[in-house]
Structures are given as structure tokens and as C-alpha cells.
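Student: One-letter residues, chain by chain:
Number of protein chains: 2
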Amino acid sequence: MDKTASTDHPIHELLAQRWSPCAFDSRPVSREDLRCLFEAARWAASSYNEQPWHYIVATREEPAEFARVLSCLVEPNQEWAGTAPMLALGVASLNFKRNGKPNKAAVHDMGLAAASLTFEATARGIMVHQMIGIVPDKARERYAIPAGFEAITGIAIGYLGNSNQLPAHLRDRDLAARTRRPLREFVFGGTWGNPAPVVQS
Amino acid sequence: MDKTASTDHPIHELLAQRWSPCAFDSRPVSREDLRCLFEAARWAASSYNEQPWHYIVATREEPAEFARVLSCLVEPNQEWAGTAPMLALGVASLNFKRNGKPNKAAVHDMGLAAASLTFEATARGIMVHQMIGIVPDKARERYAIPAGFEAITGIAIGYLGNSNQLPAHLRDRDLAARTRRPLREFVFGGTWGNPAPVVQS
Numbered sequence: 001m002d003k004t005a006s007t008d009h010p011i012h013e014l015l016a017q018r019w020s021p022c023a024f025d026s027r028p029v030s031r032e033d034l035r036c037l038f039e040a041a042r043w044a045a046s047s048y049n050e051q052p053w054h055y056i057v058a059t060r061e062e063p064a065e066f067a068r069v070l071s072c073l074v075e076p077n078q079e080w081a082g083t084a085p086m087l088a089l090g091v092a093s094l095n096f097k098r099n100g101k102p103n104k105a106a107v108h109d110m111g112l113a114a115a116s117l118t119f120e121a122t123a124r125g126i127m128v129h130q131m132i133g134i135v136p137d138k139a140r141e142r143y144a145i146p147a148g149f150e151a152i153t154g155i156a157i158g159y160l161g162n163s164n165q166l167p168a169h170l171r172d173r174d175l176a177a178r179t180r181r182p183l184r185e186f187v188f189g190g191t192w193g194n195p196a197p198v199v200q201s
Numbered sequence: 001m002d003k004t005a006s007t008d009h010p011i012h013e014l015l016a017q018r019w020s021p022c023a024f025d026s027r028p029v030s031r032e033d034l035r036c037l038f039e040a041a042r043w044a045a046s047s048y049n050e051q052p053w054h055y056i057v058a059t060r061e062e063p064a065e066f067a068r069v070l071s072c073l074v075e076p077n078q079e080w081a082g083t084a085p086m087l088a089l090g091v092a093s094l095n096f097k098r099n100g101k102p103n104k105a106a107v108h109d110m111g112l113a114a115a116s117l118t119f120e121a122t123a124r125g126i127m128v129h130q131m132i133g134i135v136p137d138k139a140r141e142r143y144a145i146p147a148g149f150e151a152i153t154g155i156a157i158g159y160l161g162n163s164n165q166l167p168a169h170l171r172d173r174d175l176a177a178r179t180r181r182p183l184r185e186f187v188f189g190g191t192w193g194n195p196a197p198v199v200q201s
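Listed in order, the protein sequences are those of chains A and B. 181 is the number that this note's numbering gives to position 181 of the first sequence; each next residue is one higher, with no gaps. 135 is the number that this note's numbering gives to position 135 of the second sequence; each next residue is one higher, with no gaps.
For reference, chain A alone in the conformation it holds in the complex (with noise of 0.2 Å):
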């Protein structure tokens, strides 16, 4: 299934090709592949080089560890995400280690970091669905997230399956076409809602 973005201006490949599915394909991911994809979270942009991100991660070939990341999820997504060969949860650390003072950018850079794993996936024909319907306090105590550090989202990474299989619902979220507000919605200059001369035609 291809659902190549219909791009107004022309963009890299990789960002067009990326798109999140509920279908997940049982075929493992390697371990090498997956260290890549976090390696790449590794070497995201973050403010003053706190690199915030942390994940909790398991495999579906450790049953009871996958068990446990996929119950720290809101239901809806238990029932799709299950299916993934990995799932993550990610976790921020709120205040700087140098000073102990809050880091405003924390959840900001965990975004980056997902998205700089979320590019490596797609380089490697992996796919990567992220979700914020996740229960933190579930995830703090079943895994004892100290203060100070707080789950954020959830990350189910894998191989494309088969949407055809899927609940309707989700079927039918997989086989819709992407959409996107068009640039001058968003892109503005001199005053707020004013498109801006670099995306007037």
C-alpha cells in the first residue's frame, strides 16, 4: 500500500513515504535495525544537550514484557498496537541534570527525537506509529518512573501488515487518503493569520 503524501512543493522521499498504520505485520524487526532507529533518537537536537528522551522498550519475544508496556497504553490502542513486533514507551525527563531547573523544551525534543527515529525507520522500510493515548501513571508504577520523569507517548514500531484484516474502523483509517492544511494556513508573516510572501503565490 502506498500512501506517498501529495506534496504542493516537492519534499525528501523518506518525510513524503511516512505515514503510521494500526496493521502490523508479525515479522520481527532485527535487533540491529532497532538499534539503529534509536541511535538515530540519540542523536536528535535537544536544548542545551539534556537529550531528555528516554524509552521502555520490549519485543514480542518476550511475552511478558511486551505485556506489560502494551497494558500502559489507553485501550483503543491496545487493540491494534498488540500486533507490533516492538512497542516503546517514551519517557521525558522534566528538569535539567546540570541544575535541577525545569526544561520548558523537554516534551519539544522528545518530538524531535521520535521523529529523527521515525526517519531511520522509514529509510529501513519500517514503519512507525506514535500514540499519546498512553496512561503515564500506569506507566510510573509498573515500572517505577522516578520524579521528575514522566511517560509521554507510546511508539509501536514494525513491519507494514495486512489493513484488509483490521476492524473496520481501523481498516478505515488505514486506507484513507493523508490530508494536510495547505501552507498559508500556518505559515504567516507580519501579523498572526496573515500568509506569509514566502508561501504567496
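Worth flagging that the hints you see were computed from the coordinates, not collected in a lab. Being a predicted model, the structure only gives us computed values, none of them experimental. Treat the hints loosely; a few may be bogus.
Pairs count within a copy or across copies, as identical chains cannot be separated in the list.
What the hints assert, rightly or not - No farther apart than 30 Å at their CA atoms in a straight line, the calculated lysine-lysine pairs in the DSSO-like style are these: (1) Lys138 <-> Lys97; (2) Lys3 <-> Lys138; (3) Lys97 <-> Lys3; (4) Lys138 <-> Lys101; (5) Lys104 <-> Lys138.
Once you've looked at the hints, dock chain B against the given chain A.
Tutor: This is chain B only, laid out in the frame that chain A set:
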């Protein structure tokens, strides 16, 4: 100047090559290239496809507008960012358009979009330096940013300049080696702090 990351595991060259300079060249970035950078941001993933990202942008070809964006950065960032040919403020919509409820993923998804923009820039030989050091209230006042939206980041965009012409503290920052914590310090399995099997050698 080559600051390609010294990785423990192979990653895509565009991720390895990316870094955040303080030295920008005065050469402008073409309108075509700039559009493609924001197009890349446009196609990022977001929770419920909310696309919470907005940008207020100005190029140095519009001096008054450029000065206005620059004035919304904290002073230590104004010191170097004023030499970039384009500055942007990243502004998040904090609530879902469809129901007005808070979007927990808004700031995270700003990070996803920023990373896509940066990846596209790297592919085009363009550098990006993101900043959390902005003054959100000043941005709100100067651009009439409405309630429910908040300026989160600054983004400097341009070609690499000569770091040796920077003041010493900025030059040292540009010339320093890139360092990151190893995977075993942030990819956990089973319990917090325990390196996951996938990152054990």
C-alpha cells in the same frame, strides 16, 4: 566544517550530518527552498491529525519584519540569530479544533514538525538552529497571537557561516565535538534504568 556524528550504530547520513550552528552566512535561502522546508513540516505526524504547528516567519529581505521576529528571542539568542537569512517562531495551537479540548500532544507534535523541517533542510544543504529561548508574551503582544495558541520555539534557517568570525563563546560552541549518552543509558527494559536486551551487546 564537518561535524558528522560519531555513531555507535549506522544511521541515515542526513541525521548524522545535522547540527545547530550559531554562524550563518549572509547568502539568502531561495523562496522555493523555504517553501519545501515548511512543506516538510506540513506532512509530519500529529495526534488526530490536528497539525498544531504554526509559524511566524520573516527573511532579512524584509528588515522591519525580521527585526520584529528577532525581538521575540531572548537576548543571548539575538546575539547570533540575527545573521540567519530567515527566522521563524513556532506557535502551537493548544486545543483541538474539533472539540476545544486540550491537546496533550501539541508541543510534542511541534517537535515532530520541526524535525521534518530540519531534515528537509539538511537534504538541501541548509542549516537549522532551534531555540526554546524566546519570550512567548512578547510574541503574543507583537503578533496578536490569540488565546489558545502559544509561541514555543524560535528557528533560525540559513547556510553555514564562518564560525571563526563569531565571539569566542559562540565559536567554541560551534567548534565543539557533538556528544551523546550511550543507548544503554536511555533505552530500558523490564524496569526503569535497566538497559533493554536490544541494546545489550
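Student: Hints first: check each against the structure and report whether it holds.
Tutor: Hint check:
In the homo-oligomer, the alpha carbons of Lys138 and Lys97 lie at most 30 Å apart both inside one protomer (25 Å) and across protomers (29 Å), since each shortest distance falls under that limit. Taking identical chains as interchangeable, the C-alpha atoms of Lys3 and Lys138 are never at most 30 Å apart, the minima being 34 Å within one chain and 41 Å between chains. With identical chains, the CA atoms of Lys97 and Lys3 are at most 30 Å apart between copies only, with a shortest distance of 25 Å across copies and 41 Å within one. In the homo-oligomer, the alpha carbons of Lys138 and Lys101 lie at most 30 Å apart both inside one protomer (26 Å) and across protomers (23 Å), since each shortest distance falls under that limit.
Taking the shortest alpha-carbon separations for Lys104 and Lys138, both the intra-copy value of 24 Å and the inter-copy value of 17 Å come in at or below 30 Å.
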